[in-house]
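Undergrad: Those sequence lines, one after another, are chains W and G.
My numbering applies: residue 1 is where the first sequence begins, and numbers increase by one.
My numbering applies: residue 1 is where the second sequence begins, and numbers increase by one.
Honestly, the hints are just simulated from the structure, not real lab data.
It is possible that some hints are incorrect.
[To be verified] So the derived list for chain W, only partly shown, Cβ under 8 Å to chain G, looks like this:
| no. | residue |
| --- | --- |
| 1 | 27 |
| 2 | 48 |
| 3 | 52 |
| 4 | 53 |
| 5 | 67 |
[To be verified] So, partial list: chain W residues that the calculated Cβ filter (under 7 Å) puts toward chain G:
| no. | residue |
| --- | --- |
| 6 | 5 |
| 7 | 9 |
| 8 | 20 |
| 9 | 24 |
| 10 | 46 |
| 11 | 56 |
| 12 | 63 |
Every residue, glycine too, gets a C-beta built ideally from N, C-alpha and C.
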Amino acid sequence: MPLAFVASLLQFLAVEAPHLVTEVRKLVEAWAARKGIPREALLAALAPVDDRVKAVDAAVDQHITDLWGDQTQPDGTRK
Amino acid sequence: MLDVPSGIRRVLAATVIAVALSGCGASTEQVALSGATVTANTTRLVVQTAETGALALYRAEQVVAVDLVKARGGTREQAEAAVLAVRAKWKPVWEAIDAATAAHAALVAGIGAYEQGKQAIADVSRVALALAKAEQIAVAAIEQAKGAR
Chain W
1 MPLAFVASLL QFLAVEAPHL VTEVRKLVEA WAARKGIPRE ALLAALAPVD
51 DRVKAVDAAV DQHITDLWGD QTQPDGTRK
Chain G
1 MLDVPSGIRR VLAATVIAVA LSGCGASTEQ VALSGATVTA NTTRLVVQTA
51 ETGALALYRA EQVVAVDLVK ARGGTREQAE AAVLAVRAKW KPVWEAIDAA
101 TAAHAALVAG IGAYEQGKQA IADVSRVALA LAKAEQIAVA AIEQAKGAR
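Construct the entire structure; sequences and hints are all you get.
TA: See below:
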């Protein structure tokens, strides 16, 4: 079972079924310890979270614009 | 959502064993190295999972705040103020996750340095412990942000 698949599965569960994460995590840890994951299988480093936070913020800003409309005037000021 | 104490116990046990065996032969060092590797992988999974859940909550809280202002007939400025309050509350979470990410990168680098003979296994174990602490802080920050809703 590829480690990347396990990571994707946990990500899916975190969003869709967070109540299952604790148990699945125990299974994953037991699996990882049993397998003795080799050095070459070390997961790549996570990218800084900043870009993902900005993506969420942009989506929320768009939601605000959808609800109230774009009130920015041609000169960049707000009505 | 996350079982932090068991994670810490696991890492502490691996670290204690690693440090205790650090002065011994290559085979015991391999045991310690294996422990550090498992720590790197499982902790990364935990941080990644926690981050995904946190981002989903972060988005949901903002959308709920905006929708509430709209339902009450509020202004766009009020909606933006409500969103800013949510963003400020979650800022420590992103800082803690970045710290955990950096700690993970340091452990991976430490394992690589050990394999090249540039770092002692005891140092690798200490970095593994630092990663466990960073994970604990990140998860606690998320729990605090969730509790402050």
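Undergrad: Could you run down the list of hints and mark each one as holding or not?
TA: We went through each hint and held it up to the structure:
With its C-beta approaching chain G no nearer than about 11 Å, residue 27 of chain W sits outside the 8 Å limit, and its interface hint is violated. Of the supplied interface hints, the one on residue 48 of chain W holds, with its beta-carbon coming within about 6 Å of a beta-carbon of chain G, less than 8 Å. Residue-level restraint check for residue 52 of chain W holds (minimum Cβ-Cβ distance to chain G is 6 Å; threshold 8 Å). With 8 Å as the threshold, the beta carbon of residue 53 of chain W comes within range of chain G, its nearest partner Cβ sitting at about 5 Å, so the hint holds.
Annotation: residue 67 of chain W was flagged as interfacial toward chain G, and the flag holds, the nearest CB pair being 5 Å apart, inside 8 Å. This hint is violated: residue 5 of chain W has a C-beta 12 Å from the nearest C-beta of chain G, more than the 7 Å allowed. Look at residue 9 of chain W: its Cβ only gets to about 10 Å from chain G, farther than 7 Å, so that hint breaks. Proximity of residue 20 of chain W to chain G is violated relative to the hint, the smallest CB-CB distance being about 10 Å (cut-off 7 Å).
The beta carbon of residue 24 of chain W comes no nearer than 9 Å to any beta carbon in chain G, farther than 7 Å, and the hint placing it at the interface is violated. With a least beta-carbon distance of about 5 Å to chain G, the hint placing residue 46 of chain W at the interface is held under the 7 Å criterion. Restraint check, residue 56 of chain W versus chain G: the minimum CB separation of about 5 Å is within 7 Å; hint holds. With a least beta-carbon distance of about 6 Å to chain G, the hint placing residue 63 of chain W at the interface is held under the 7 Å criterion.
Consistency note: the structure conflicts with the earlier hints numbered 1, 6, 7, 8, 9.
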